[in-house]
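*Asks:* Could you build all of it, start to finish, from the sequences and the hints given here?
Residue numbers (the working numbering), protein chains in the order written: chain V, 1 to 139; chain G, 1 to 114.
Wrong hints could be hidden among the right ones.
[Claimed, not checked] Covered by chain V, according to a simulated footprint, are these stretches of chain G (three or more residues, beta-carbon under 8 Å):
1) 52 to 61
2) 94 to 105
[What the hints assert, rightly or not] Quick list of the computed label-pair ranges, beta carbon to beta carbon:
3) Asp86(V) / Ala114(G): 40 to 50 Å
4) Lys41(G) / Pro91(V): 54 to 64 Å
5) Asp5(V) / Thr72(G): 16 to 26 Å
6) Thr6(G) / Asp5(V): 38 to 48 Å
7) Lys88(G) / Arg101(V): 19 to 29 Å
8) Asp12(G) / Ile17(V): 39 to 49 Å
9) Tyr134(V) / Lys95(G): 21 to 31 Å
10) Ala114(G) / Gly125(V): 35 to 45 Å
[What the hints assert, rightly or not] A few chain V residues that don't get close to chain G, going by computed Cβ distances all over 10 Å:
11) Arg4
12) His71
13) Val77
14) Pro91
15) Val132
Source of the hints: derived by calculation from the structure; they are not laboratory data.
Since the structure is predicted, the reported quantities are computational estimates derived from the model, not experimental observations.
Backbone N, C-alpha and C define an ideal beta-carbon position, used for all residues, glycine too.
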Amino acid sequence: MAERDILLDSTLDSVEIAEDAVLQDAQEIGFREEELHQIGMAVRETMVNAVVHGNRYNSRKKVHLSVMKGHDRLTVVIADEGEGFDLNALPNPLAEENLLRQSGRGLLLIQAFVDEFQVRRGQPGGTEVRMVKYLAKAS
Amino acid sequence: MSVKLTTRQVGDVTVIDATGRITLGEGASTFRDAIRDLATKGEKKLLVNLSDVSYIDSSGIGEMVSGFTTVTNHGGQLKLLGLSKRVKDLLQITKLYTVFEVFEDEAAAVRSFA
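*Replies:* Below you can see the structure in the form of structure tokens.
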């Protein structure tokens, strides 16, 4: 499995850089347009969470991006150096009382667009998000 | 490319034609400012045309919801026109189809404000 690691600044420019890098690898594996859109969106939302909520734009903190190309899957790991968060403590964006909240939908979209999604405490700290997207089998 | 917004009047309905991307940063803030500006000016019938919007992220969705709330709080209505399949999917995933009135046809959308 080919892997590349990229260290990114805590800026919104890094969101674009990460999205472009992952999409390049995804294209090489053979993902099609709609799947590319979904992968790009999942990476974008995860990167925004890492830069904005994790590292809080702190110039001393980095975002770690790893992209692994398998023959039938793309694995993306994005880790920040923030304080971390409790996934279970977040309000449910689909609850009636939360529908009109301005924020809080990013994780929902990520989970909708990838096949596997895991959040864990990073080493030594921060949040690490691992996502896997499988190539659809030809029918 | 960020989002470009132009407004036009169709009867007493203000149509906001959006082109480009509504994403975190300039795109989302441009959208927010435009809707707030129109609501503050007393425009009560706003139709956001998303036909030429290629990409919306969760921040963009948040701004659409925020715009909806702002306009509603000013006694107006904000409706959506011309959603691509991708934007429709986003509204499905986030359950916002239950919040927004969505139209395919501009004339029908304009009539719905009457």
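*Asks:* Now, for every hint given, state plainly whether the structure supports it.
*Replies:* Hint check results:
1. 52 to 61: holds (count 4)
2. 94 to 105: Result for this restraint: holds, n = 5.
3. Asp86(V) / Ala114(G): 40 to 50 Å: holds, 48 Å
4. Lys41(G) / Pro91(V): 54 to 64 Å: violated, 33 Å
5. Asp5(V) / Thr72(G): 16 to 26 Å: violated, 47 Å
6. Thr6(G) / Asp5(V): 38 to 48 Å: Hint holds: Cβ distance 43 Å, inside 38 to 48 Å.
7. Lys88(G) / Arg101(V): 19 to 29 Å: holds, 21 Å
8. Asp12(G) / Ile17(V): 39 to 49 Å: Since Asp12(G) and Ile17(V) have Cβ atoms about 45 Å apart, the given range 39 to 49 Å holds.
9. Tyr134(V) / Lys95(G): 21 to 31 Å: Given a distance of about 26 Å, which is inside 21 to 31 Å, the answer is holds.
10. Ala114(G) / Gly125(V): 35 to 45 Å: violated, 57 Å
11. Arg4: holds, 24 Å
12. His71: About 28 Å separates His71(V) from the closest Cβ of chain G, which puts it past 10 Å; holds.
13. Val77: holds, 20 Å
14. Pro91: Non-interface label on Pro91(V) holds, nearest chain G Cβ at 13 Å vs cutoff 10 Å.
15. Val132: Consistent with the label, Val132(V) stays out of reach of chain G, its closest Cβ about 19 Å off (over 10 Å).
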